[in-house]
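Asks: Chains as they are written, first to last, in our numbering: chain A, 10 to 421; chain B, 602 to 930.
FYI, nobody ran anything at the bench for these hints, they're computed from the structure.
Since the model is a prediction, treat every value here as computed from it, not as a measurement.
Warning: the hint list may mix true and false statements.
[Claimed, not checked] Derived contacts from chain A toward chain B, CB cut-off under 8 Å, selection only:
id, residue
1, Ala31
2, Leu34
3, Ile40
4, Ser230
5, Ser345
6, Arg399
7, Val414
8, Asp416
[As the list claims (entries may be wrong)] Here are the simulated DSS-like pairs of lysine-lysine, each with C-alpha atoms no more than 27 Å apart in a straight line:
id, chain 1, residue 1, chain 2, residue 2
9, B, Lys688, A, Lys47
10, A, Lys98, A, Lys79
11, A, Lys47, B, Lys690
12, A, Lys98, B, Lys688
13, B, Lys688, B, Lys732
14, B, Lys732, B, Lys690
[As the list claims (entries may be wrong)] Label pairs and their in silico Cβ distance ranges:
id, chain 1, residue 1, chain 2, residue 2, range
15, B, Ser900, A, Gly29, 51 to 59 Å
16, B, Asp657, A, Leu258, 37 to 45 Å
17, A, Gly409, B, Asp657, 38 to 46 Å
18, A, Val414, B, Ser624, 34 to 42 Å
19, A, Leu330, B, Thr710, 22 to 30 Å
20, B, Gly721, A, Gly29, 49 to 57 Å
21, B, His790, A, Gly409, 21 to 29 Å
22, B, Pro687, A, Leu259, 20 to 28 Å
23, B, Ser734, A, Ala30, 33 to 41 Å
24, A, Val414, B, Ser900, 45 to 53 Å
25, A, Ala329, B, Gly721, 32 to 40 Å
26, B, Asp628, A, Pro326, 52 to 60 Å
27, A, Leu330, B, Pro687, 30 to 38 Å
Glycine is no exception: its CB is placed at the ideal position from the N, C-alpha and C atoms.
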Amino acid sequence: MSAADDRTAADRAAGPESAGAAIRLVAGREIRTRLTSKAFLVTTALLVLSVVLGGVLLNLVGSSGPDSQKVGLTAESAGLEQSIDAAAKATGTDVTTVPVDDPAQGRQQVTDGDLDALVTGTAGDLQVTVDSDLDDGLRAILTSVSQQAALADAVESLGGDPAGVAADIAQAAPQVTVLDPDDTFDPARYVAGLATGILIFITLLTTGQLLAQGVVEEKQSRVVELLLATVRPWHLMTGKVLGIGTIGLLQVALVAGAGAGTAATLGLVDTGSLDVGSVAVWVVVWFVIGFATYAFAIAGAASLVSRQEDVGAVIAPFTALMMIPYIIGVSVAPWSPDSPLVAWISYLPFCGPLLMPIRMAVGGVETWEVVLSLGLSIVAIPVLVWLSSRIYSNAVLRMGARIKVRDALRAA
Amino acid sequence: MSTLEVDSLSKAYGSVQALRGTSFGVDQGEIFGFVGSNGAGKTTTMRIALGVLAPDAGEVRWAGRPVDHAVRRRIGYMPEERGLYPKMKVGDQLTYLARLHGMPAAEATAAMERWTETLGVDGRRGDEVQKLSLGNQQRVQLAAALVHDPEILVLDEPFSGLDPVAVDVMSGVLRDRADAGVPVVFSSHQLELVEQLCDRVGIIKDGEMVAVGGIDELRRVGSPRWAVAVPAGAGAGAAGGGAGAGWVDAPGVRVLDAGTAGAQQRVVFETAHAGAEQAVLRAALDRGPVLEFAPVLPSLTELYRHVVSAREDVGGQDSPETTTEGDAA
C-alpha cells in the first residue's frame, strides 16, 4: 500500500514539469516535420494562391459592371462637383470627380480611357464629352443636375428660394411599407460563407488525415514502444494533436488572412453589410473548436489499426460526419438561413464548427445560437479527450489486426 | 549498491500465462544475460520493466523502490521490435529521443555526436533512417538506447542481425557501460556470446526462471565432471579392455563419453561423490603416462539444453505447449 502511495507521489513530483516538456517536444517535432515537408508547403501555397486569385478574378468580373464612373471637371465646371456628388449619392451610383487643367487635356484623357466623361460648361449649359457612349447612370445624374439648375433659375425668377425648394425636393420620397420582407441575397455574404465552409472543411479533413497517419506511422514503425518507455501515452497523443493543430491553425490563419486581405485591398465587399475581418476571426475560432473535437477522436480511432492502408477505413466515419454539416452549409444555409434543420444541426458538436461559421458569414444568426453551439462543442471536448485517451493508451501498443473499440475501451 | 530487482512478475495474455512469478536481480556494474526459447517470456519481462506493459502481479524495483516514470526515463531500452521514425534524420532523431528523456538541448546534441561516433554511424547523421543498411539501423537503435546516458540498460536481443565487427563494438559498449556502474540486462539466443560477456545469466522457460546465477556457479551445478586422457592402446593387453573405456570403471563413476583421437584416448566421466575421480586417476597412471586430467565444466549451451529439456521431461504435459509456442515464434 505504501509502495503504491510512493509511486503516485513520485509520479506527481515528476509530473507537471516533465509532462509539459514532453508534450512540447512531441508537438515541436510534429511542427518541424510538417514545416520541412514539401507536401505541406505546396498545399498551403496553393490554398493561399487560390484564395488570392479567386479574389482577383471576382474583382475582374465585378468591375466590368457600370458602377464606378470617373468624371473630369474643368475650372469652369468645378462648381458642379457638389451637385454631381449629391445626385450620385441619391441614385446610388459610384461617381468620382477629378479636376482637369484644361478641356483639351480632358478630351485626351477621355480618349485614353483615363476618364469616363469630361464635363465642361456651366450648370445651365452642360456639355459632356465621352469616348463612345455615356453611361446611363451618369446620364441620369448629369440630366438631374441640368434640370435642377433650370429649376433653380425658374424659382429664382419667380422670386422664390431655390435652396429651400431643393431641400424640399430632396426630402420628397414615397413612404414604403413592406409586408413580407424578402431575404436579401447578398453575393458577397454568399461567397464569404462558401469560402468559410470550404476552408474549415478542407483544413479539418487534411489535419485529421495527417494526425491519423502520424499515429499509425509510429505504430507501424514500432517507434511507439521506444517513445512510450519514456513518455506517457497521453503526452504523446496530446503533443501530436497540439503540433498538427498548430500547423492547421497556421494554414487556416494564412488562408483566411489572405482572403480577407484580398477582399479588403480590392474593395470586393461593401464593408457596411459584411465585416470581413470578423468573418476571418470566426473562421479561426471555429477551426480551433472543430479541430479539438475531431482531432482527439481521430487519434484514438487511428490507434486501433497498425497499417497505413487501414487509415482510410478507420477515419471514414469522421469524414462522413464532416460531410453532412458541410454540404448542408454550402447548399442549404445560404438560401434559407432560417431553416430549422440548418439551425438544429448547427448547434450540435461535430457539426457546429463546420456549419455555424457559414451561417454567421451569411448572416441572420442570433448571438444565443452562437453561444449555444460553442458551448455544446466545448462541453463535448473533454468527454472526447477522455474516451480517446483511453482508447489510444490501450490500443497503441497492440500490433496486428484492427482492434475493436469495445476491446480498447475495456482493456486496462 | 543499487540493484534492479524483478520480483515475482505474473502476466497472462488471455488464456496464455506468459509469466509465472518471474524473479531475478541485476546489480550495478553487472551484465546479466537473459536466455530462453522464443515465447518463454523475455520480451514480456522487459516490457513490464519499461512500463510499456502492466503486470498482473509483482513489481520491478530499482534501489529498493518501485520503478516509476521518473526512473524509467533513466533506462536505456532497445525493444525487440526495432523502431525509429523511418523518415527522420539520424542526428535529429537521436537528439529528439535524448531530449524526450529529459536532456537539455545542448547536451542532447553532444551526446548524439558522441554516440554516433562511438558506434561508427557519424557519417550518416544527415541521412534518413530508412536509407541506412539494416546493420547501421541497428547501430542507430543502440545509440537511441544509450544517447540519454542511462542509469540502467535493458536490451532485447541487441546482437541479432549484427555482423561480427558490430558484435565486437556492441560487446565493448556493454562492458564499458557496466564498468561505469550501469546494470545491463540483455536477452540473446547467442549463448556463446552470453557466456563470454555476462557476469550472470538467467534462464527462463514458460515464464518461470529455471536457473539464475553466475556462469561458473551454474556450471558447477550437478555432478562434477572430469576428463582423463591417456595414450591410445597403452596397456591395452593388460586390462583386456582394448580401446574401450572399461578401465575407468570405479565405484561412483559414470562414463559419459569416450573416444580416440590420433594417439590419444579421452574419456569424460561424472562422479557421484567427491574423491571418486582419484580412483580413476590411479587406474590411468597404472596404464602409463597421463596426458590430461582435469575437471570439465559444461558450456552454457549444454547447461541450457540440460535445464530446458530436464524440465520438459518432468512435466510431460508441458511439452505440447512448448512445441506450439516454439512453432508460433
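Asks: Work down the list of hints and note, for each, if the structure agrees.
Replies: Status of the hints after comparison with the structure:
no.: 1; hint: Ala31; verdict: holds, 6 Å
no.: 2; hint: Leu34; verdict: holds, 6 Å
no.: 3; hint: Ile40; verdict: violated, 13 Å
no.: 4; hint: Ser230; verdict: holds, 5 Å
no.: 5; hint: Ser345; verdict: violated, 48 Å
no.: 6; hint: Arg399; verdict: violated, 14 Å
no.: 7; hint: Val414; verdict: violated, 19 Å
no.: 8; hint: Asp416; verdict: violated, 11 Å
no.: 9; hint: B:Lys688 with A:Lys47; verdict: holds, 13 Å
no.: 10; hint: A:Lys98 with A:Lys79; verdict: holds, 14 Å
no.: 11; hint: A:Lys47 with B:Lys690; verdict: holds, 16 Å
no.: 12; hint: A:Lys98 with B:Lys688; verdict: violated, 63 Å
no.: 13; hint: B:Lys688 with B:Lys732; verdict: holds, 9 Å
no.: 14; hint: B:Lys732 with B:Lys690; verdict: holds, 9 Å
no.: 15; hint: B:Ser900 with A:Gly29: 51 to 59 Å; verdict: holds, 52 Å
no.: 16; hint: B:Asp657 with A:Leu258: 37 to 45 Å; verdict: holds, 43 Å
no.: 17; hint: A:Gly409 with B:Asp657: 38 to 46 Å; verdict: violated, 21 Å
no.: 18; hint: A:Val414 with B:Ser624: 34 to 42 Å; verdict: holds, 37 Å
no.: 19; hint: A:Leu330 with B:Thr710: 22 to 30 Å; verdict: violated, 44 Å
no.: 20; hint: B:Gly721 with A:Gly29: 49 to 57 Å; verdict: violated, 36 Å
no.: 21; hint: B:His790 with A:Gly409: 21 to 29 Å; verdict: holds, 23 Å
no.: 22; hint: B:Pro687 with A:Leu259: 20 to 28 Å; verdict: holds, 25 Å
no.: 23; hint: B:Ser734 with A:Ala30: 33 to 41 Å; verdict: holds, 34 Å
no.: 24; hint: A:Val414 with B:Ser900: 45 to 53 Å; verdict: holds, 51 Å
no.: 25; hint: A:Ala329 with B:Gly721: 32 to 40 Å; verdict: violated, 51 Å
no.: 26; hint: B:Asp628 with A:Pro326: 52 to 60 Å; verdict: holds, 53 Å
no.: 27; hint: A:Leu330 with B:Pro687: 30 to 38 Å; verdict: holds, 31 Å
Of the numbered hints listed earlier, those contradicted by the structure are 3, 5, 6, 7, 8, 12, 17, 19, 20 and 25.
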